[in-house]
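Given chain A, work out where chain U should sit, using these hints.
As you go down the protein sequences, you meet chains A and U in turn. Following my numbering from start to finish, the first sequence increments by one per residue and tops out at 117. Following my numbering from start to finish, the second sequence increments by one per residue and tops out at 1001.
Don't read these hints as lab results, they were simulated from the structure. Among the hints, a few may not be true.
The list that follows gives simulated cross-link-like pairs (lysine-lysine, PhoX-like), each with its CA atoms no further than 25 Å apart [what the hints assert, rightly or not]:
| # | chain 1 | residue 1 | chain 2 | residue 2 |
| --- | --- | --- | --- | --- |
| 1 | A | LYS56 | U | LYS180 |
| 2 | U | LYS655 | U | LYS735 |
| 3 | U | LYS655 | U | LYS867 |
| 4 | U | LYS735 | A | LYS56 |
| 5 | U | LYS503 | U | LYS907 |
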Amino acid sequence: MRRSDLGEFEEIVLLAVAALAPGAYSVSVAEELENETGQVVSTGAVHAALQRLEQKGYLSSHLGEATQERGGRRKRLFTVTAYGGKILHEARSVRNSLWNRISPAELSNMGLDFSNS
Amino acid sequence: MQPFPPRWLDKLATRICAPHLREELLGDLHERYALRHRRTGARKANWFFIREVSALLRPSIMKRKPSPYRSPSAFNPEMLRNYFKIGSRVLLKNSNYSLIHVTGLSIGLWACMMVATVVIDSLSYDRQWSRKDDIYRIVSVNKMGGDLTERHNSSPSNLAPELQKMYAEVESWSSIDNQEMHFKTDPRDSYGIETSMLTADTMVSQMLDFKLLAGSLERSTQNRWSLLVTRSYAAKMFPGQNPIGRIIHEIPTFSSETAPYEITGLIEDLPYNSHLRTDVVRLKRTKIEPLINDGMIMFGINYLMLKPGTDIGAFTQKVNAWYARFTKAGERQFEFQPLKDIYLHSDFAQAQKVQANAGTIYIFAGVALLLLFIACVNFVNLSTAKAFTRVKEAGVRKILSGSRSQLVMQLLTETLLLFGISVGIAAFAYYFTLQSVESFLGHKLVLTFTSNFLMAAAAIFMFSLTALLTGLYPAWIISGFKPANTLRGILSATWGQSGLRKTLVVAQFSISIIVLLATIVVWQQLDLMEHKELGYDKNNLISIGQISWNGKAEAFKNEIQRLPGVVHSSLAQWLPTEGGGYMQREVEDPAHANRRIRVWYIAGDVDLPETMGLKLVKGRMFSNRFADAINADSLQKEGFEKFENAQMNQNSLMTASAAKILGIKQLDIPVKNAHSVPVGVVGDFHNESLYEAIKPTILLAQKSSNYGGMLIRVQQNTEPQVAAGIRNLWKQFFPDKLLVINNVEDQLLKQYEAESKLHQLFLFFSGLTMFLSALGIFGLVVQAAEQRAKEVGIRKVLGASVAGIVGLISKDFVKLVLISIVVASPLAWYALQKWLETYPYRTPINWWVFAVTGAAVLLVTIATVSFQAIRAATADPVRSLRNE
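Isolated chain A, as found in the complex (with noise of 0.2 Å):
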């Protein structure tokens, strides 16, 4: 696995599409991490970030429907595809098998004790 190909930024893109499946687009995308991470984030990073996952094929897309606010233009949905599957389940086992090597006195040591919660 080349762990490079997959940018900090794109990763949480493309988990966000998982997640927000099968509506997914650039606005919602962007909302979502606005919400999630309460910092503003523009379309166009999220646009650039899902047109790079696409030309990598993680994400496919297809244009959907058109709305009043969107002043009759068509947005474009997309879904994560096997193989973008595929890269964030690695991308997430490589952290799991990572989390789980810590000892339970580091943890505490950086302030983080999950037996209390």
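Chain U in isolation, oriented as in the chain A frame:
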């Protein structure tokens, strides 16, 4: 209502976003804007929208999707070949226009190359010495009272060594003087070889990096002059022989004996482009005496070499402060003129032969640049005027998926082709006219475009740049039309009379008119200087250059007097064109107690006033019946004081202006200020060139003087016989001396060579600018007639007269030229007034000069325009209306 983001931001977003992404992305932006608007209100939503738009600035969004039907790159080799093919066909098809273009451009480029050569050559003077930045000429600045100063290129001879003693900055010094000499190897030769000679101290060899080929740079041990000869001079004098140790003789003028010169060294040729241009260098014995403040101060032309990096401003201040303390008076100051400036900025040094006037060079360069400008304007004008024939072609090319860059390249290629041909012709003309320009300038040009590779490369680069800049505008215009419009034939009706083209025509004609006016005024000024009454009769007057007479002056004069054709003759210490007189004095002004005035002295024998043809105003002329003449030479030998006393009582003639400023009311009584006894007053005369105001002058008579020249008044048309007679007598009296016979009128004319050259130059350039302007307007008329052929046809069918149609076509152009006359006249008047201010005797700028110029320009315009307009007007209307 549906909230809508600010329109300009929306437009901007549309601009930034690539077309294929616009649908989804702009939709997203609007949707989010609506969301925000609902949530936070219009203000915040607008701010957020600005952020959104700026976030669009990323390559993945801005990058346009390439068209699937791409035209080949404009620089594709196939396309390049195509440009040339189409370009040459277009040029051949419109061969008339091509000819106009090529003629105009060749002339402009040729003139530009020529002048660039002259300017570069002038700027190259004295740049090749290795210590060029450290060598300075000492210039004396004399305060003349008031703010007036007078600069001289000479300085006290002992100043330089004194400076070296006092200041560590001074590395070396030398006096360097330039002289024309005649040397001979054969004792019987009476003319010898003309040689330009520098006289300098031995230190000069280090200052001017002489390259020794043979012999030594030191002086000869023998008691005679030592000479360093340059390689080419040695080859001329002693072809194929070793010159070292040989003795050559000078043909004397001032000295009574012919002096021997020993050649001690052979050096590499010195650079021609130096104001110290020379064939041989005479090394003199360096005598260092302490600098003195009073009595007899010897002056010479002196050069200092300072240590590298010396601040010359500070050094000058230091020296002047010291010198003011030393002399206890601030009358004389010094400047240090950098070696590099001497050639172009030495107007004050009249005696320096090798020099050029920076102002003339600038005028020269300016006029040539204007000429090139006119040529380029012609090109732009004609190309844009012709554009309407090309827009259809451009439209078709565009529809066949030709890109704009291809079109621009196509049109630029045509420009480059035209420029290339013109450069070729110009270079050819340049090569063959170089020699005549050199003879016009009177000196060789060292750096030329045909001899220097670097300059040629720079020229080609500059020309390409000019071609590009010139060609870009028409190419941009022609390639910018919308194909849909051009093919339908909708071309804005005003295209034929675009504002820019009108402005350019006005500029072009204004320049021509200014140059033409300058030509007339320079000619008037030259005419004034050449023909002004000088106060003496300059016709039929011969002079013999100054020599030492060896005591045979009177006898020689008696013989001359006997020659047929000689009316008067006089031995004179002053000859016309040789300065204001042999001496000048500053005396007290009788009108203002503490002001001083200057008077000049001219001396000759008693026949001098009559020989010159001076007009008597009051009193009497000199005569042998009175003791008018004194023997100045023998008196001077006896002692300075005795001579002064004798002079105080000497009879003199004064010019009217001298009599006036000295307040002479009564003749025949000694006048203290004049140091003499005036016996007569003669009319004012110009003893110097007309660059100088008239000088109050006192004439003295001397007898049996040792040195001097001769003035001989001859009868009309007898000059050749008299000259032959003089040559014969010379051989008897002074077989080994140099005889210099001159016609005074010719010599006087030679003083105004600068103006004469300026006049020739302007005459030439005014012809060229006028021709080019006419050529440009001719091209425009041809084009206008072509474009309006149908209109003319219809008018004729409806019964318009030929005169009416000619008027119709000519009117626009005549109007433009009239505007140019109005624009150019005041500009020219102002510039010429400024130029004339430098002359004490100047021609008035009359109103008729403007009238004549205007009429001439108008005439040329009408002739050019109507030639083509009549052709258009008399053409059969059937021909122009027949085909659509």
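Looking at the structure, which of the earlier hints fail to hold? Going through the list in order, the structure violates hint 4 alone and respects the others.
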